[in-house]
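Chemist: Sequences and hints are given; from them, build the entire structure.
Listed in order, the protein sequences are those of chains A and E.
Per UniProt numbering, the first sequence starts with residue 1, numbered consecutively.
Per UniProt numbering, the second sequence starts with residue 1, numbered consecutively.
Okay, the calculated bits of chain E under chain A, using three or more residues with CB under 8 angstroms as the criterion: (1) 30-42; (2) 99-106; (3) 431-444.
If you want the footprint, here are the derived chain A segments under chain E, 3+ residues with CB under 8 angstroms: (4) 213-223; (5) 442-448; (6) 475-483; (7) 486-494.
To be clear, the hints were calculated from the coordinates, so they are not data collected in a lab.
Since this is a predicted model, take the numbers as computed values, not measurements.
Virtual Cβ for every residue (Gly too), placed ideally from N, Cα, C.
Number of protein chains: 2
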Amino acid sequence: MNSQAAALKPVAAVSERDMANAIRALAMDSVQKANSGHPGMPMGMADVATVLFGRFINIDPSAPNWPDRDRFVLSAGHGSMLQYALHYLLGYEDMPIEQLQRFRQLGSRTAGHPEYGHALGIETTTGPLGQGISTAVGMALAERMLAARHGADLVDHFTYAIAGDGCLQEGISHEAIDLAGHLKLARLIVFWDDNAISIDGPTSLSTSMDQPARFEAAGWHVQSVDGHDTEAVAAAIESAQQSDRPSLIACRTVIGKGAPNLGGSEKTHGAPLGDAEIAATRENIGWACAPFEVPDDILFAWREIAERGQAARHAWEQRLAASPQREAFERAVAGALPDAVFEALGAFRKEHVEKATKVATRKASEMALAAINAATELTVGGSADLTHSNLTITKGMDRIAPGAYAGRYIHYGIREHGMAAAMNGIALHGGFVPYGGTFLCFADYARGAMRLSALMGQRVIYVMTHDSIGLGEDGPTHQPIEHLAMLRATPNLNVFRPADIIETAECWELALKSKNRPSVLVLSRQNLPMLRHTHSDENRSSQGAYILREPAGHRAVTLIATGSEVEIAVAAAERLEAEHGIAAAVVSMPCWELFEEQDASTRKAVLGSAPRIAVEAAARLGWDRWIGDTGVFVGMAGFGASAPAPDLYRHFDITPEAVAAAALKLII
Amino acid sequence: MNSQAAALKPVAAVSERDMANAIRALAMDSVQKANSGHPGMPMGMADVATVLFGRFINIDPSAPNWPDRDRFVLSAGHGSMLQYALHYLLGYEDMPIEQLQRFRQLGSRTAGHPEYGHALGIETTTGPLGQGISTAVGMALAERMLAARHGADLVDHFTYAIAGDGCLQEGISHEAIDLAGHLKLARLIVFWDDNAISIDGPTSLSTSMDQPARFEAAGWHVQSVDGHDTEAVAAAIESAQQSDRPSLIACRTVIGKGAPNLGGSEKTHGAPLGDAEIAATRENIGWACAPFEVPDDILFAWREIAERGQAARHAWEQRLAASPQREAFERAVAGALPDAVFEALGAFRKEHVEKATKVATRKASEMALAAINAATELTVGGSADLTHSNLTITKGMDRIAPGAYAGRYIHYGIREHGMAAAMNGIALHGGFVPYGGTFLCFADYARGAMRLSALMGQRVIYVMTHDSIGLGEDGPTHQPIEHLAMLRATPNLNVFRPADIIETAECWELALKSKNRPSVLVLSRQNLPMLRHTHSDENRSSQGAYILREPAGHRAVTLIATGSEVEIAVAAAERLEAEHGIAAAVVSMPCWELFEEQDASTRKAVLGSAPRIAVEAAARLGWDRWIGDTGVFVGMAGFGASAPAPDLYRHFDITPEAVAAAALKLII
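Modeler: Put into structure tokens, the structure is as follows:
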């Protein structure tokens with residue numbers, strides 16, 4: 001218990017009702033002061049939260065990152081004041097009352113929605129609806145997987161989430177609950193804040209879903225309780241903890257509970273209650289304190305809770321100290337990949353330079369993964385039902401199955417969004433480096449969760465194959481055009497589009513080393529020749545772009561390309577030289593973001609001062625940055641088409657001939 | 001019946017089994033010839049399709065766009081050969097056998113997945129899983145809405161869809177079936193191809209969902225049948241047609257049915273069967289013909305089917321001819337907006353120029369919509385549960401409710417993806433111009449369906465408010481950064497970001513007039529001053545960008561901005577002139593796509609030859625196109641933050657002062 005709490009004295013028996021009212025008061029006062037925010041949800045769920053944190057949850061505010069703590073996810077992230085109020089009441093040292101008074105202000109820890117990394121104890125960023133519950137599925141899965149590896153002595157905790165109607169209406173929730181039910185993630189307990197209100201009004205405006213029946217259909221253990229009946233909530237949590245399936249506890253609540261006039265109305269959802277209603281609420285719930293004041297006895301009761309978690313942590317630390325698993329466990333939780341991984345990748349590059357291996361980069365990725373996965377057990381793979389297209393499984397990877405979590409390959413099902421969110425949860429939980437595959441085009445389906453990977457700075461690796469019209473016959477619905485621009489525009493995300501097997505290994509290395517940034521590996525379906533003919537210990541992809549081919553004479557033109565189009569650029573350069581005596585350099589640019597991070601002189605040295613042509617079988621948007629005012633772009637101007645890949649490259653005029661012709665026009 | 005069919009003679013009684021085998025043979029032969037494609041699904045669902053098309057569906061291949069035809073959606077779009085085989089067998093004039101022989105080849109109508117517009121009778125583009133079923137929900141809703149307006153004499157048809165496991169695992173399916181169940185769309189009948197196989201193997205690898213129970217929880221009428229028992233399928237369809245709820249018919253099938261060795265295996269899903277297995281299948285199903293040959297009697301039986309639909313169409317045409325609704329119905333189906341809409345918008349602009357109305361562009365949009373919706377009944381609005389934030393409802397719009405379809409406002413629920421797909425379905429069905437709102441950031445959630453709006457060239461209008469850090473306190477999860485780039489990179493999509501109430505009205509006009517292109521209206525939460533002080537009949541936004549402020553002297557710098565940042569650019573220009581005597585032009589650029597379509601001289605005249613600075617509170621990606629090599633970008637370099645909007649603009653240095661300072665640095 002921290003010193004502030006120790007100084008408090010209990011002056012009277014404190015009821016859970018009083019403890020819950022502290023949340024209500026702090027929530028309504030903070031929202032009022034900010035003149036912005038969502039008081040309804042914290043007030044409605046205050047009783048449930050009080051029972052959960054008061055009687056059950058094992059966390060230690062003085063050691064918020066204790067690896068075996070229970071995880072708590074506020075999926076209904078707009079109710080962030082519930083979390084901040086709890087953190088203040090529980091005594092997190094970075095959450096003094098002043099933070100609540102600065103709710104939603106610049107630089108405060110109390111952002112509009114809970115932001116991972118802004119304050120201790122926030123396990124994940126929420127706000128975009130449905131993400132929290134889906135991330136929680138990943139955490140609950142990671143817990144079982146880590147327990148299977150290191151034993152129940154070290155890993156044995158619950159993951160709790162509070163979800164609202166919005167979370168359960170979003171499609172991602174379907175993907176997540178299906179996966180959780182299938183995998184029997186019994187340590188996942190979700191509270192549904194069933195207040196029958198959404199922003200537009202009663203939920204009956206837009207849904208007639210029988211949520212309990214829906215969760216039962218997904219294989220969940222389902223209970224329904226009055227969310228203001230604390231004994232009923234407690235009994236339901238106990239029962240959920242015993243279940244062999246994930247649990248939904250449907251909590252019938254009143255949104256804005258306590259507010260005498262606005263309680264139960266959508267008006268409490270996303271706006272301050274106003275001074276008059278706040279005064280009436282104080283009266284109604286018997287809360288006599290000034291704003292942001294909590295009576296000592298109530299605060300003491302809250303802070304006392306920490307003792308349970310603290311004791312649990314101490315016991316766990318003793319078990320850890322005595323465990324033969326200690327070292328392996330700590331390495332896993334730290335996410336520390338062994339040097340052997342990078343040594344293996346170095347040897348891999350050397351071997352394949354010598355062999356001049358010609359494979360699709362998706363195949364190169366599989367081969368690199370075989371080396372990686374043999375050198376570490378931290379990597380956990382998967383695919384959204386495209387395993388043998390994405391080539392994400394390697395020899396000896398056992399699959400995760402219901403009740404069997406010792407493997408390291410996850411069949412995520414046809415659920416790109418759920419996969420991305422689950423990977424966020426796995427990464428956030430710790431103990432693993434998750435990667436997962438789908439077609440690049442279906443980054444569209446995963447966007448919501450991919451953005452959170454970037455916002456939270458998580459090492460999640462997306463393996464996205466079939467990366468252009470080069471996939472051929474599946475046609476325009478499957479051919480990415482705008483997706484590279486979409487991903488490149490996303491902050492804090494590295495987008496790698498390697499040109500051959502060597503760059504693929506380099507990009508994998510960079511992705512694995514990016515501990516605070518997600519990566520997307522954008523890979524071809526079609527075979528690509530090896531373009532790097534000499535081995536170097538240096539990872540040339542690490543500066544984002546480099547000169548792959550420097551002509552003997554003074555550069556007349558520079559051809560810049562990524563991925564499968566580097567081959568085309570090289571062929572064009574050879575043609576220009578052979579047929580026209582034109583000195584053409586080729587720049588391979590596997591990662592814009594890393595190139596952007598180079599200093600200006602490095603960038604200038606690579607790009608040169610000759611006219612530039614970019615070649616990429618995708619949308620032009622963004623390329624003007626690299627080709628400049630006089631540059632030419634050879635790529636896609638619209639959607640793709642269905643045909644064999646070579647026909648498409650010819651049809652869309654992305655060929656060595658077209659590039660050479662553009663160069664001639666440009667420089668003559 | 002077309003002439004080719006009339007020439008055929010029946011030589012024997014033909015069973016449904018034979019008719020289904022024609023589909024199987026054509027599917028396996030076409031995939032084999034293309035050496036690419038998905039034979040398993042067409043072979044598995046051939047019996048269901050034969051019953052559906054043979055006994056029930058009312059379509060007329062000789063009049064494929066007859067407005068009251070039943071709609072058929074192949075949600076499992078990878079099974080495209082099912083659709084192409086049906087189209088050939090039914091006698092669509094643009095689907096001769098040669099098209100099947102050119103399956104998946106450049107320029108053929110038989111693309112890898114069914115592409116809307118490539119062949120007659122393809123009601124929607126499918127392939128990205130879950131889109132078809134969700135689009136079908138929009139079609140079924142449009143049918144009810146159109147019937148409520150024009151009567152059952154003119155509008156009275158079913159919407160049928162075939163969905164696979166993939167469609168039902170994708171999150172969007174949850175949003176769609178919840179909406180359909182809620183709205184009691186009884187004329188929607190979905191067949192689930194329950195073959196228990198997905199690409200990775202048995203579906204038991206990744207799901208344990210009880211799909212029938214799930215659909216029941218969503219309020220659907222559910223039946224389960226053996227999908228190879230044609231009488232059972234027929235009885236189920238009859239029963240579904242009588243239900244007062246949408247229907248799921250779960251059809252237990254064998255993927256690749258008929259193939260003796262590979263049937264029932266994922267190996268039939270996405271690859272040719274191979275010559276040996278095709279020969280064995282021919283033997284097994286008793287199909288003696290050469291590839292692409294169908295016995296005359298079987299072809300005759302198929303072509304005879306058209307008579308039912310043709311008769312239905314003739315009867316309908318007689319009813320239409322006699323109907324007092326005729327003119328209104330035909331106008332609606334043609335999507336022809338009355339001139340009154342554009343006259344109203346013109347008057348609106350004139351009025352507000354005079355009033356110098358200062359409102360948020362989301363509010364301006366609401367005001368423009370009030371004028372639009374008063375002038376036409378074709379527009380149908382909605383929001384993904386952000387009605388009073390997106391400001392998408394106008395006075396007198398009644399809501400669509402279960403069983404009550406006469407209104408014109410749809411509470412889509414917290415379902416951005418489902419909303420977008422439903423709008424695609426409404427637009428494809430015809431009779432309405434759909435628009436729907438969410439926050440710009442949640443374009444992420446709707447991406448899959450928005451891309452299809454663009455690919456299909458549908459007039460779907462997305463109203464996306466809260467378009468930058470200007471939304472303030474909700475913080476980085478809600479603040480779009482990369483979204484403008486993502487949308488601008490998407491082909492065939494107009495992205496409008498108006499700067500004031502006048503541009504907002506202009507952009508609405510352009511969106512409504514874009515009959516073959518979706519539009520996104522990107523709108524501010526915060527108030528913006530009116531910047532256009534003189535009225536002109538010309539729609540200045542129509543060229544995408546225009547000079548808003550031309551200084552008296554020779555331009556020293558050009559400031560380019562969009563939306564809420566145009567105000568900042570204007571203030572910077574005034575400051576530069578007043579404090580430094582620098583002549584600064586301001587270009588407002590509400591639509592990049594339209595500006596890109598101007599000829600080079602127009603673009604040059606607008607952009608000028610002075611150094612340029614772009615101002616946009618979003619990612620830089622794409623702006624180099626307009627600012628050139630020496631240009632400067634003032635905008636966002638990372639994610640946003642939670643704080644009041646003015647604090648954020650200062651924090652991220654997107655202010656008149658910062659722009660003026662950048663200009664001074666650039667030109668001095």
